[in-house]
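Asks: Given the sequences, and given the hints that come with them, work out the whole structure.
There are 4 protein chains.
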Amino acid sequence: MQQNLYRIQIVGATGYGGLGLIEQLMRHPNIELTSLLAKTDTGMQLSKIFPHLTGFCDHIVGEVQDERIGENADLVVFATPDRVAMNYAASLIQRGIKVIDYSGDFRFSDLAVYDRYAARKPGMGGKPHQAPELLKQSVYGVPELFREKIQNASLVGNPGCFAIAIELALAPALRSGILNPQSIIVDGKTGTSGGGKKPSTVNHFSEQSENVLPYRVANHQHGTEAEGVLTHVSGSPVGITFVPHQIPTSRGIECAIFGQLNREISLEKIQELYHESYSHEPFVRVLPPGVAPGPKAVRGSNLCDISLFVDQANNRLVIISSIDNLLKGQAGTALQNINLMLGLEETTGINRVPLYP
Amino acid sequence: MQQNLYRIQIVGATGYGGLGLIEQLMRHPNIELTSLLAKTDTGMQLSKIFPHLTGFCDHIVGEVQDERIGENADLVVFATPDRVAMNYAASLIQRGIKVIDYSGDFRFSDLAVYDRYAARKPGMGGKPHQAPELLKQSVYGVPELFREKIQNASLVGNPGCFAIAIELALAPALRSGILNPQSIIVDGKTGTSGGGKKPSTVNHFSEQSENVLPYRVANHQHGTEAEGVLTHVSGSPVGITFVPHQIPTSRGIECAIFGQLNREISLEKIQELYHESYSHEPFVRVLPPGVAPGPKAVRGSNLCDISLFVDQANNRLVIISSIDNLLKGQAGTALQNINLMLGLEETTGINRVPLYP
Amino acid sequence: MQQNLYRIQIVGATGYGGLGLIEQLMRHPNIELTSLLAKTDTGMQLSKIFPHLTGFCDHIVGEVQDERIGENADLVVFATPDRVAMNYAASLIQRGIKVIDYSGDFRFSDLAVYDRYAARKPGMGGKPHQAPELLKQSVYGVPELFREKIQNASLVGNPGCFAIAIELALAPALRSGILNPQSIIVDGKTGTSGGGKKPSTVNHFSEQSENVLPYRVANHQHGTEAEGVLTHVSGSPVGITFVPHQIPTSRGIECAIFGQLNREISLEKIQELYHESYSHEPFVRVLPPGVAPGPKAVRGSNLCDISLFVDQANNRLVIISSIDNLLKGQAGTALQNINLMLGLEETTGINRVPLYP
Amino acid sequence: MQQNLYRIQIVGATGYGGLGLIEQLMRHPNIELTSLLAKTDTGMQLSKIFPHLTGFCDHIVGEVQDERIGENADLVVFATPDRVAMNYAASLIQRGIKVIDYSGDFRFSDLAVYDRYAARKPGMGGKPHQAPELLKQSVYGVPELFREKIQNASLVGNPGCFAIAIELALAPALRSGILNPQSIIVDGKTGTSGGGKKPSTVNHFSEQSENVLPYRVANHQHGTEAEGVLTHVSGSPVGITFVPHQIPTSRGIECAIFGQLNREISLEKIQELYHESYSHEPFVRVLPPGVAPGPKAVRGSNLCDISLFVDQANNRLVIISSIDNLLKGQAGTALQNINLMLGLEETTGINRVPLYP
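Chains as they are written, first to last, in full-length UniProt numbering: chain A, 1 to 357; chain B, 1 to 357; chain C, 1 to 357; chain D, 1 to 357.
Read the hints as simulated data drawn from the structure, not as lab findings. One thing to keep in mind: the hints can contain errors.
Treat identical chains as interchangeable: a pair holds within one or across any two.
Claimed, not checked - 30 Å max Cα-Cα, derived DSS-like pairs, lysine-lysine:
| hint | residue 1 | residue 2 |
| --- | --- | --- |
| 1 | Lys-39 | Lys-127 |
| 2 | Lys-136 | Lys-149 |
| 3 | Lys-197 | Lys-127 |
| 4 | Lys-198 | Lys-48 |
| 5 | Lys-269 | Lys-48 |
| 6 | Lys-127 | Lys-149 |
| 7 | Lys-39 | Lys-198 |
| 8 | Lys-197 | Lys-39 |
| 9 | Lys-48 | Lys-197 |
Replies: Here you go:
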């Protein structure tokens, strides 16, 4: 029943973000991967670049050329850096082709937030957005927060990896008003794959093994992103001090999130609040009190684990959230969004049990 | 169609070997996991022991009691240490229940080989086999070598993790007679999960990180196991010097295997020989010349990767084989065996693409 | 000139804390290690337990017996768990033998703080102190804060590893009054050696690799310890929400510390403040603005690195402090204390350059 | 007594090999590091490139310019890639300046061996040696094998990291004639720092973590180097099949070495043979039977550990040798050579106890 398959093209197929989606699509019953484009390694079989795909995906990587973008596709995924998708999205949508972008190009409906984000992202030099008119129609791709809009969207901005881990952790508490929205502190830890496939000194094994490396201290663009989204979700201006760290793992994000409670409230009540928000979500687990096993417990899956603690002496809420940065933090959420945009069952093809240990 | 599901019981459910099978069975369309028994943590939900299974497997772990073994099961998997299954197998088979054992109890049709194996295994003290009469009917569980026998077997001895990596790598060469069977040297490397879930000094993170630890040098029981199986497969007595190492990874086995070539033969011819042996195998990949990406390229999958090299100056063959020790090295091959024994399609439920990076 | 050597005995010599001191003392020109006592592995050469010491330290480990404690020693180091040294200290001091204890027994002059500490420490069950009368004369062993008292002390309580990293980072800011002392949040990360040499599930390589594990969330005894010390140092009650994590490294601690600024103050002013506090300290480095290389930059050394950041939008100070948990976090500081107590030059024998990468 | 210090210049000061030497020289009582030259990061303080050296070495890195090479130096160390030192050595020696080179330029007295080495080294394209006339006077820098020659040398070729680990392990056995010199097989494992400081895909944390990567299988230049040296040492042509692997550690080399015994000989006799060779060596430890703790036991030190095993069934000797690849494998041996060439006590400044765990 080849004729019923939806056709997907991935632009930026040779990075880890594209790879995460390809690995999943190899087993997706309703989707055909019709073409892969990239800037590097063009003309090579994907399995030459990623030998683990030998026998699974022997597609030839095509060059990113204007005329090839959208070719033979119902939906195009831009697994590309910032400022690529913004040049192609309008024309694709006009041709009836849906678009998901991994970068920050379409995460913000408010241009001012985009500008703050862009100012913090290294190498972006505060350049202006090239397609600001699309920001009104683009939807932020966190299904747990914006499911209906995504179902009807032609253009989705897939969230940042740290951003989604922070947003899912804080949304119930901020919406309910139990937290002071100006008191939020986040300490994030990510595996090195969050920095992508390009070798650099900070990602060099010799340098990163046996270290924990803070970076962009109180100055990371995903802090800005989460502030914007949570302000929108909660209706009050949210301020976050966010310090990310790179730790010696290849995958996995953990965030420890701290906020001042506006009033005395028991852990039980807060657990209840979170269960109400997430009990119907297929990919969010609110763990029992005291259980916080870290990102290894979600490795290889699309899950987000949330654990809640109250520091009574200081009247603070501590939230621990854990994701696989390449799945729930990127390609897994992207596939949720793809399924929603194509009218498929949201969980199709996203059924991995975490791989442990 | 619950009535069509085969019922499986796992004894020794709380170790990594049982876990590997449980993770796979959560998605198996034809199998129902009816009970889990163990010696420790009985009475607990499995998801309390392994929080990553929260929401996937909330079975209560039952106690290993004689009368419960085989209860409500078409097939029992013993994911137990040596000398457990040998006490139960005969009675289960008599009741028409099939048996797979992870230990060395049923890997050897020849009692003398078992005794050599048992003499090397730490803690076994050369005790005699308790059910030697079953060795004639038990089948060694490497489907690529003994598929038909497994399909008709009631009792399968699942192979040792290093042993299967060595056997798949050497079988074609030894069968064809191109190698001197007395010249084999194997240097193995395994992640720490091969040593099981029980904490010990050699598996302690502080000790094992940043180290590579040789152990049981030229004295590991999997060397004996592979010698026995390869002698049987090739028809000539095989002698192996095997040195295993523990490396700082949680999963993965790589073996570098060296053998003297009996005559000059090109790499191309040897590649051909291996392709003939394995081109129809769903879980063995003979990689192109020069490609040997290591066990990370099979992580999370049931694949065995084989790479071939010729050292012309010394007329030696070098074979690199890589597996995920918990899947192809244990629970993945076990599921292949289960499928074959139950008359199911061999690959059912074993469809993970390797998870990379 | 053997007659001029000070004689040291280590009780608890077979753990990582004792080991860290032994490694240093092998090269100390003024100290002789006269005996090693322990509860386990007694009668063995130390180099059988720690093969890396072969040829360096072939002492036989003696049994911890009352009559042997203090034998042939000018100073006894208790590298033991809580509630050991408290049984021996009074008698040793009476005999003119100086005492350093690694545990919490003598870190607190205030019994109420000790009780809060003891309530949080796992396995201590809130038992009462056995030698409360000594708390008045014991000195807290952070030379950068209490140097003179240590020089005159007979009894020193060596600090907790996280505690010293937090205290050195916060002392200048809290003393100067620029921070709200009730607003402190600390996210700590430690290598597994902080959990000691005893194997356990949380320290098991297979479990800890590729994970980051929060533990005792907002409930760790080193938070209490730092609160007590910093309250004493600053003169105002300090409240800390402290969340420690175990990361997949064997050594190294990093703390990200957040505090609300009481007034607008530039990063330059704060750098100045810290340089004033620490420019004469041999083992504290206040790094240039923007530089925060993590604990790998102090590995193998007795250094504490401090980096300062201001989050202007939220008016918060962020301090990053990094130590080698087994040296500055334990055995390095202990040797500073030993040198001070014995009237030796403080830095003697503590001269390792960090080992990188 | 500044006037009594020997002056050393390091060319290639910003790589790991230069760094290893700098870290040691910071504490050397008889040597002054007068200048550091490099091709990259010139004009920067070394402590900006390597923040762990802050306060220890704040030299400015100078540019590699012909006229600066040898400036203000009694001895120049080329911590540079192949084909750099060969352009400068003759002129330096003429000026009375001694030279140590880390590359293969001066490791071979026999040009034919150099050519085989150069043919295997990636990127060297079999180019001819530029100073073949110096090969007769250069000395191979393994003090345990060529101590006297090094003491009298003006030009020393420091050994390859794998090569020295293989040579020290095999020299006693091959010299004594107990091994078949054509039967040698070596399986090597190295941490990633052996590949240098330049980021690349194979050294990328995300790729290398949780993997073990064979490379240059039976085709690595250090195999050729060891063949040449051991042929020279033993007087019979030695043939080695050498397969190196990269493992997920930053430092450390382990080699498992296999050879056919020419006659039956007990392990005790072989241990004796090795003790005779090495009992007076300050940096080689022949470990007791059965003890083989791996390279973590020599980390941070200049030691080479050797463990011996006999596989009686196959009449093979198995030797395990372990070194810190950046110290005994490079900068530690270099400092031994420096001390010898300058007439200093060989062990001066090389006194680190291994850092464990």
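Asks: Which hint numbers does the structure go against, in order from smallest to largest?
Replies: none
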